[in-house]
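Chains as they are written, first to last, in the working numbering: chain Z, 1 to 447; chain R, 1 to 351.
In short, the hints are calculated from the structure, not lab data.
No farther apart than 27 Å at their CA atoms in a straight line, the calculated lysine-lysine pairs in the DSSO-like style are these:
#1 K233/R / K10/Z
#2 K199/Z / K133/Z
#3 K398/Z / K437/Z
#4 K199/Z / K155/Z
#5 K22/Z / K10/Z
#6 K233/R / K22/Z
Quick caveat: nothing in here was measured; it's all calculated off a predicted structure.
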Amino acid sequence: MAMTAIPGLKRLWRGVHVPEFKDATNRLPIRRMPFPPMLIVPLSQHAGAPAVVIVREGQEVVRGEPIARAGGFVSVPMHSPATGRIERIGLAPTARGPLAPAIYVKPYAAASQEVLYGEPQDIENMTPEQIVKAVQETGVVGLGGAAFPTHVKLKVPEGKTIDTVVVNGCECEPYLTTDHRVMVEHPGEVLHGARIAMKAVGAARAVVGVEDNKMDAVEALRRANTDSSGISIEAVPAKYPQGAEKLLVKVLLGREIPSGGLPADVGLAVFNVATLAQIGDLLPRRQGLIERVVTISGPGVSRPGNYLMALGTPLGFALEQAGCSAAAASVILGGPMMGAAAASLDVPVTKGVTGIVVFTHQAANGNARIFPCIHCAECVNVCPLHLNPSRLGMLARKGRYEEMEATLHLNDCFECGCCSYVCPSHIPLVQYFRVAKQMNRERKART
Amino acid sequence: MSAAPPVIEVRTSPHLHSGRSVNSIMRNVVYALLPLCAYSVWLFGLSALAVLAMSTACCLLTEHLICRLSGRETTVGDWSVVITGLLLGLTLPPGFPLWMVAAGSFIAVAPGKMLFGGLGFNAFNPALVGRAFLQAAFPVAITAYTPALALHRFSELIPSTLAIPLIKAGPLAGWIARVRVDTFSGATPLMLRKFDHVTTDSWTLFLGARAGSAGETSALLILLCGAYLVARKMMDWRITAAMLGGAALTASLFHLADPVRYPGPVFVLLSGGLVLGATFMATDPVASPVTPLGMWIYGALMGLITVVIRFEGGLAEGVMYAILLGNALSPLIDNVTQPRIYGARSREAAR
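Looking at chain R on its own, in the form it has when it is part of the complex:
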């Protein structure tokens, strides 16, 4: 034949592909995080921007250098480390000292991700590994929150941002008193509730103009960003739903038992980092189960642990440890929730 194809390739089926790729999923998660970053900068000013820039840059650099040192092609191009950097920045107080941010970024990526073998092999969410390290190493700094919508936030940094490494920084109370607007204080709604027995109203919590970690404040915005990923089939909504549901259910039970001591489910859902964690960190596919039932169990368990830590633990917030614990249990959950396959014979019949 005149138009004979000179060479035909032999590949194995399937010969079509959906076009989904790791790069595009990771890139879209970054897109989904950008509105949160923008909102946190608007709320907390230059310092939040500095923290986010620092964490992202340090995470990228750490991964790149480790790849170089181990003689591999750099993997920063897959965008996953950008997510780690942004998430770490979003979970820190906006005035967190930058040198600590750098240390946390290194811990997140070096032992948290690359030591396990890089993308796809990390047992824990790297950003939370970094944050857990910071929580253990710098318990004061990581609970030093500043008010949202402070005066001069776009012209000056929060004093603690530029703290000198290893030197004890002064308290922020004086600065907060100078820049605060109205009643905005530096305490997060969870701290107010736990230590001062003041409950912030739900609408403020939902919209997010309150003190807190840089990216955790607006439940509305976080859910919208998550919905974008779910709509693009790049995130599994079941884990988020299970975690929020688990937390709400647990909180309801506590609340019913003692309405004075324990806040209701709405407050629990909207305060702290629960929505951020449930939407962007618990859903980290690498460290979560793959079976449908496993996802529900995993999410619900994390919701339950969060609430128990908040209500009965010494810390005001429990999302981070709940997710890390969930990550640790995820392989086990996967093992015990293998789905029943089509046409499976009962155990006796199989023998």
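With the rest of the complex left out, here is chain Z:
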């Protein structure tokens, strides 16, 4: 099963070379963004159960203080991003569209961004169970975009053993440079977080995979990696979508996560670098996750940068700070390959938002005419999972969704977008697949 990778062949064979557009921000240091007039903290910023409110309207809160507790094991608490007043507990717009419960925090004028809430805790003497519990208390979720509660991944499933922690520093999406800057500026925190993760899952070694378009990050991590704690830093040739954990573990370690399975099935636990940096930073001080680095970039902003912003900052305020131009046509949360377009600028920045990319009319992928599939096979050539998007697309057009799932592995598709990206007929393949998956889910729910 665990085939040893041959040195020099550690690369992603499929996938695509997307123009990176990272030059606008990859050398800009992380900058702090001021508090907006109102912070909106949705109760469900993560995969799993929503958090449960533990404050009242009108209550005063301190920056870093818990304002909602975890709603179960697969859930995390929320902390107040600013010192101020709970203005309202009610519905707020979300990136996905529908309104969802949220806590509105009005920061006090001149409220400091310093975090005073929290107390030191000794991690060295914690048991793995205690670390899992402590990580849940920090409210940290996967900051690479998935927003899956990190402590759940730190809890080794019954009957499995984890031998290696994989640290994902690929950041293969165009425009985004948040992980890049975190690695360059906070390598110590990343490595400390990795050591905590190793301790929690009982792994003897960790591998940090960084794409070779970020050699300054590789060097920063190598310089910081002084003790012999079993952490190695590897540079891999840049290619999209290498940051997908399934692909990265194959590139770094030659292991394949079984279809429908978890990294734990092949003895691995995978974490994003920014996630570990937050754990390495917050856990020793027993603080909560209240801010994150977000890249704001794209042709529609005049002051692109990597902004450290309070979670709950509305997009409109953030874009104003970054100099959003009037020509902006679409606002993407995350990277342009997999990110979702925001429907409203009142949507707040949440834990899973890696970047905000603003396109102008010219730059956005316009209403190109859709041609029939000409079987050019380019989608088959680029699909990193070796699926057959061409045939899947044809079946989707005919509404044969069950067949797509049963014979062509529809559910393995993680919607990286490579097929749509290369399709000369401009067939919105990924969108077809999303619809097909949803139809299958609804059909199963009915029966």
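Place chain R on chain Z using the hints.
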């Protein structure tokens, strides 16, 4: 905010596109075919030009009229029908009667492409459907080849070019005797080999100054044009490689078994329309498999069939039927060569 975007668009990811388009791929295939057209006109003169112009014009017209009749927006703008027209012209003898060219063009586009639903739906390469029809309907005319570099080729047409529809044209022997230079005869290297047991030398075949269908003669030029498309990632080289490899391998086996009766792989590769077919027709994406393994099987199979028809069949050339047969098998090949996906569990484990 003062500079608030008034309206933001919501689209689904990915929000970037490579810029590849059907139009640009098809247009570039046309570009790649133009040098072949030019070379064939230089070799065979005005008649080759007339055949190419006729086939392209008729194909365009047929597609345009069918779109009009069926009440759809015309699809001639996607350039794909120009490829069909040029390829049909390039696979015909340069002196092919123009009225037959028109009939073949109609068959290529009307039943060969539009009946299936137009671009992307044709099961067979349309140009070869047209040519197969012509081969069946006019077996004499389609094997009436004329010598390359004939005298007066830029001032007069080959007599058969303007043959009157449905009237039997006279033989070309007298005309060929008048215009031929040196030893250039009207027989193609494959015919010479098959019927007269004369083998043309490889260098002539490679450069292409020989009798044959208008565009098939120069392997060098065809490969260069194909390389342009491969370099621009607009053509899949695997099918070409597999077909040429399959043909070479099959020919080698035959040749080893009986070196006197069967020519060697070099002759097989360079003669006839093999290189043209493998480069520009077998690779027609619409009618070929999409899986990586499927492409190799498909190509190799076509190479094998070509050689078997040439060596053991009644015809001198087998590329056309090999490709059509390959087209017919392509969906089946696709079905049985679905790639193993990442993380696939073994059959037993999945249950």
